[in-house]
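Participant: Under my numbering, think of the first position of the sequence shown as 3, with each following residue one higher.
Just so you know, the hints here were simulated from the structure itself, not pulled from any lab data. Do not take every clue at face value.
What the hints assert, rightly or not - Here are the simulated PhoX-like pairs of lysine-lysine, each with C-alpha atoms no more than 25 Å apart in a straight line:
{"hint": "1", "residue 1": "K61", "residue 2": "K72"}
{"hint": "2", "residue 1": "K84", "residue 2": "K72"}
{"hint": "3", "residue 1": "K84", "residue 2": "K116"}
Claimed, not checked - For each label pair, taking beta carbons as the anchor points, the in silico distance ranges come out as:
{"hint": "4", "residue 1": "D63", "residue 2": "H161", "range": "28 to 36 Å"}
{"hint": "5", "residue 1": "R177", "residue 2": "D133", "range": "21 to 29 Å"}
{"hint": "6", "residue 1": "H142", "residue 2": "P88", "range": "23 to 31 Å"}
Here a beta-carbon is modelled for each residue, glycine too, at the ideal position from N, C-alpha and C.
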Amino acid sequence: MKNIIYMCVCLWHSPVVIMFIHHMQIIFYEDRNFQGRHYECSTDCPEMQSHFSRCNSIKVDSGCWVAYEKPNYGGYQYMLPKGEYPDYQRWAGFNDCIRSCRMVPPYTGNYRMKIFERSDFGGQNMELMDDCPDLNERFHTRDISSANVMEGYWMLHEHPNYRGRQYFLRPGEYRRHSEWGSTSPTFGSLRRVTELN
């Protein structure tokens with residue numbers, strides 16, 4: 003079990019500590035409609051094949067998660083906010099294969115990232131602080147070959163209006179698009195990950 007503890011210090015000049023414990027949990031089911039063998043997870047898991055052979059439904063009891071088609075956070079990526087997904091089409095899945103997962107830590111700060119047209123932070127660049135449903139319309143390019151995520155968690159999408167393959171970016175530097183799991187530098191939209199209930 004993994005608990006996340008938040009602390010707040012305030013009130014006059016004496017510190018008051020308020021603790022909130024949040025247990026993050028996701029449940030994977032082999033069959034549709036939450037049937038069959040299942041596996042409960044409350045932390046990052048780089049390999050899940052030993053727990054189930056296929057995944058046709060998911061319940062996210064708390065938190066926000068990214069599920070991956072392959073072990074060690076590879077292959078197709080699926081953002082899963084709190085909710086129920088009775089079949090893999092509900093999370094825009096391409097198949098019933100989920101082999102690893104990662105929780106998205108709760109985040110309430112600012113969002114800021116810089117995207118670059120070429121690898122190693124080269125070419126035209128743009129700084130973003132909010133969602134962008136159509137990269138081509140806003141910046142006249144769809145090519146993002148590198149990125150620097152300075153604040154917050156982001157999802158890149160293959161097509162405009164947050165459709166197609168998804169790519170999860172945590173804070174850090176990405177010198178080439180393959181570092182976030184993409185085989186192509188062409189993207190249609192990006193947005194902040196804000197659904198963390």
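Participant: Each hint needs a verdict: does it hold in this structure or not?
Facilitator: Hints and how they fare:
| no. | hint | result |
| --- | --- | --- |
| 1 | K61 <-> K72 | holds (19 Å) |
| 2 | K84 <-> K72 | holds (22 Å) |
| 3 | K84 <-> K116 | violated (28 Å) |
| 4 | D63 <-> H161: 28 to 36 Å | holds (30 Å) |
| 5 | R177 <-> D133: 21 to 29 Å | holds (24 Å) |
| 6 | H142 <-> P88: 23 to 31 Å | violated (40 Å) |
Comparing the model with each numbered hint stated earlier shows that hints 3, 6 do not hold.
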